[in-house]
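Chains as they are written, first to last, in the working numbering: chain A, 1 to 534; chain B, 1001 to 1703; chain C, 2001 to 2103.
In case anyone wonders, no lab produced these hints; they're calculated from the structure.
All of these numbers come straight from a predicted model, not from anything done at the bench.
Treat the hints with caution; some may be incorrect.
To be verified - Which residues of chain A face chain B? A few of them, derived with a C-beta cut under 10 angstroms, are:
1. V21
2. G159
3. E161
4. V306
5. G423
6. W438
7. I507
By construction, the Cβ of each residue, glycine as well, lies at the ideal position given by its N, Cα and C atoms.
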Amino acid sequence: MEENSHILSWLTFTPLIGALVIALLPKRNEFAARGVALFASIIALLEAISLWSRFDGAYPGLQFVEQTPWILAIHADYFVGVDGLSILMVLLTAMLMPVALLASASIAKHVRSYYALMLAVQTGLFGVFTALSFFHWFIFWEAGLIPMIFIIKLWGSDGAERAALKFFFYTLVGSVALLLAFQAIYLATGTWNFIELRDLASGGALATKLAALLKQMGMNVTPEAAGMALFVGVFLGFAIKVPIWPFHTWLPDAYTKAPTAGSMILTGVLSKMGVYGFLRILLPIFPHEFAACATPLAWLAMLTIVLGAVAAMAQLDLKRMIAYSSVNHVGYCILGIVAVAHAAGGTSANVNWVNEKAAALNGAILQMFNHGITAAALFMMIGFIEERTGRRGIEDFGGLRTVAPVFAGLFGIAAMASIGLPGLNNFVGEFMIFKGAWPVITPMTALSLIGLLATAVYLLTFIQRVFCGPLNERWAKFPDLGTRELLATAPLVALMFIVGIFPAPFINLTNAAAMRLVELYQPAVKAVAQLTGM
Amino acid sequence: MEPTTHIPWIASRLWLIPLLPFLAGGVSALLPRRYRKLSAGLAIGAIGISTLLSFCALAESILRGLQPHAGQQWSAMQTHEVWHWLTEFTWFSYGTTSLKMGFVLDPLTAAMVIMVSFVSMLIFIYSLGYMDRDKNFTRFFTFLSLFAGAMLGLVVANNLLLFFACWELVGLASYLLIGFWYHRPSAAAAAKKAFLVTKLGDIGFFAGLLWLYHATGTLQFYTPDHTGALEQATALAGLPGIMGLSLAGTIALLIFCGAVGKSGQWPLHVWLPDAMEGPTPVSALIHAATMVAAGVFLVARTYPLFQASPQVLTLVAWIGAFTAVMAATIAVAQNDIKRILAYSTVSQLGYMVMGLGVGGMAAAMFHLLMHGFFKALLFLGAGSVIHGCHNEQDVFKMGGVKKHMPLTFWTYIVGTLALAGIFPLAGFWSKDEVLTAAFNWGSGWFHKGPFVLGCIGVFLTAFYMWRQVCLVFLGEYRGDKAKAGHKHVGHEEAETQHETVPGAPHESPTVMTVPLIVLAIFSAFMGFSGLPEHANLIHHFLNPEHAPHNVNWFVIATASALAFAGLGLGHLLYGLKPLAADEPDPLKAKLGKLREFCRDKWYWDEIYEATVVRFANIASVVVDFGDRLLDGATVGLGLLARGLSLINDKFDERAINRCFDGGCGSVRLMGRCFAALQDGRVQSYLRLVAVAAALLAFWFFLK
Amino acid sequence: MTTLAHFQILASLLFAIGLFGAVTRRNAIIVLLSIEIMFNAANLSLVAFWRYSPHPEQLSGVMFAIFGIAISAAEAAVGLALVIVIYRYYKSIQVDEMRTLKG
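Chain A with its partners taken away, still in its complex shape (with noise of 0.2 angstroms):
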């Protein structure tokens, strides 16, 4: 590991310096825009593959650490690292923007506008998955979410200004609660700081100094209360954002009406912060709160999956069907970080439990990545149907496979990755996930199998009503994939067979660092394991 090779910032910024270029660029040269874009986008993965080849997988701590003073009024510092729960979201980012905007061909107004603002969206991203301290990272979670929501307004499809305003308007919410919460941790400890908090918290102290503040103030709480407020406020900001049903009615609308390449961020990769900050920030600093509240959050988890795949079984719209299919995968990722914090086989001394948990975390981890990579290509696929047709209904299509062969048989493998199919991504994260969960929280994990069920019945029954049947005469012209297309789906497809069939180097990354956290787990756990007498 470099010291102070400052690659974490380079990283950050690289697509904001692409997208101050592309606001220099004279207004009508849109190729020139498109070009500068997809280059910075590039630059970007390039560094996260050079940031990913020195990573070193088996050290459990923060890694390409840098730190400088910022804001000194209020200790706010310049504070990056990456460690396992982060390098896979950052690779993820890094990868996934090429593709979008390869798939952004068809936007055709404000061209410049849009690539920079799909940049600072990168940027906010990159932001978020390395920031470590409350202060910045915040700023970059709403640098990535305001320009989305331009994405959205100005180049959505038909009704895309409400659902944007929707967008808004929930975001604000948690982000609003998320902000309060941190002002009074701030105030109560002085510190923005993740790692700090995270050891304070670890010892019961931060709710000592949230009540002694709150005392001050005049009020009368016990230390366990006000942590707890504090901690449904921090869930409720990221619960909207995951989202957790039943906080996940923005979701559709938003997914359905953005921009292919919107959807594709919007599901692969903002989806994620949500279930990112529950790693980075939900669960490190609220052990004792997370803990306790573990049974009813996995029942949350388990609807979550439930209705998400139940509900995706009656959408008519191609779209918004993959769009309640995110709420499906996202909850796995929120069933396998509840199962870490569940009082379940606390007071045994098993390693075994260490070890089930330690595998769903990491199966958590790894299915956000997956779901990224899958659930970008099925948006992305569909919007290169929309852009061919011009529709997105189930029923307009039919016998498209005679068309466009090799497209019926790329998305097929991407329809197989989401359902599950052992062999590609999904299965491996999922498989994960419900390994390590299934002991630790056995019914709602079993309940939670029907999601995988209802999955392979809408995946199929779009498979069947698009590609399957007799070719619709309407579309009997519809091109198959061109090479740019190809281009933009071809790295998705490889990296689905490469995680699903060789999945030890991307887990070897995340492992050390989710063995950390379980570890980090365990007094809390015991102690409510105690408690409840489990």
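Start from chain A and add chains B and C according to the hints.
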């Protein structure tokens, strides 16, 4: 991938057997459609080498069984010893442990792998002829290779997860091949149905897998230090599970769900007959000989878990017996040549499952292997007939095919008699084994039930098979000879049509008849590997721990008598006086409503349509509606906030602003006065300044 | 001899003339010229005060005057530019027609 002990070459290279077809499939998936010969060559070459390797594996296994052991004379198959050759590798690591996978060569694997690869190879060759004109010929061989790879992987796996992975992949291959003629809505629907119904069972299987993994800490079936998941079955039997079962029983039950789905057992049998929408070689390979038997193989593989729970075994036996009879009754009233065979397959799988349930694992496997040969033979024969009769599948529109297709006829007769269980063909020996196991299961009506049901099944099997033979091969051709030639969009696809002269049926090309002959020879003579008493090679080979049953002359006599009775009745109704064209089925008059009940498949499809499917649809609509309500509620919340803000606005306007307005009014009035001074002319300002200055000066000087 | 009073009277006269012109004339350029005259009256007065002050060696009044001249030159330039712009806009330089600054 290191061999764990010193083991033969083939045992440490077992992974080659599935890998070769996988590679062939992968390469031909990337080939453009026009490389037809290359694709077929790759597929057949790969499966050919796999077959050779499988044969090596079998030979090594038999030699291993023949080796004399300490303290024993040369005792052919009498060694009461279970042995496995294992290899192992790590898939990935997590926590402080890792997920190991591996391959196993033991008698069960050896026997299964040779059957699968050999039958696959024959059917690949047959497909060369059958799929000749299909424009997706290349893709067909891709899918076939994928299937063969996955199926062989499943057989050699020493790990339940690897088994499950391959299990799902064979399901995928089955889905792709049933829906091979995807532009036919019925094919697309059947493919989806097959995938989903089996997936329903797989969910149970997956749950069992998860539970087993947690309970034993490994998914390897066997490990060198005897801590494999199956080797801990006895320990699991002592732990509590659900519904009063032991943990072993619970896991076994969940795993059995998977087998029920894949092997078409009641209540998940409904997909298998629909799967006949696929091309006939697919029906023969996947939906008769190999994949559907995978469920039986799964139970045989995890048999220690089942043995640890008698209740589950009882359930298995009854489900198998019920399925065997139910499917046989349905087969009696079908008209479609492939559907008759499909229900026959379901019925025979029922026998195998029953065999497993009554404790005859070796008997069930023996029946599985024999069934693989003769059912593949029957399907290929049926394919040949369909091919020859210009894609006609309705047996009532055939007839007299014997004189046009003698080779197909004679091989078909061999298959039929083997399936009916006529001495000395393969089915006789294997069915006898299963029935003997059922007979010896226990006493009392409850334990004799499966045996009785099995006997009824024997009678029905013989009857419906002979009915089919009579209808298809005897009498006169009932098809529309004039129309037959240009019936381009018949049941099978137009692309597979051969340019035939309109009219009479014709014999199939050599590439299709040779596999028929080979399979007929196997169906006729393979049964001798399982003679009862001491010469029961298969039984000794597969299950050395349990001594084989003695010859039970009562069972043999009963079964044979029933089989001959079935054949006789079939001949009486259909053979003596061949049907004329458009003559109705004689059964119609004899059975009436009962026939309709059987023809309509006991209404299972309708029952499921009315319950499960409807429930799923309603659930999805309700959830979607609930979501919209939830969405509406949040929008409503927004509207409420907006309403409140409106009220607030009015309050501001009326109450607060008015006070201010009063104050502002006077200010404004004053402003208006002063504004008059500011007329906008610079000079008047200047004038004002001058006057003011003059006044100031005047005042200053006065002081 | 000429005393300070003479200079002051002259300066007041000049100032009065300038003021009269600035207030009464309608042509913007004449108004500007008149303002220049007022400027120069002030400069003259400053220089005179300096010359008759107790410390003429300090050059304070002269500096003042020079600054005044420089600023008035700049102001004249700006003023003329404004006049040109106004002319372009209104096609007129009659100051009494410029009433848009009315309150």
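These are the hints, each one checked on the structure:
1. V21: violated, 39 angstroms
2. G159: violated, 13 angstroms
3. E161: Not OK, violated: E161/A not within 10 angstroms of chain B, min 14 angstroms.
4. V306: OK, holds: V306/A within 10 angstroms of chain B, min 9 angstroms.
5. G423: Because about 6 angstroms separates G423/A from the closest Cβ in chain B, which is inside the 10 angstroms limit, the hint holds.
6. W438: Status holds, d = 4 angstroms.
7. I507: holds, 5 angstroms
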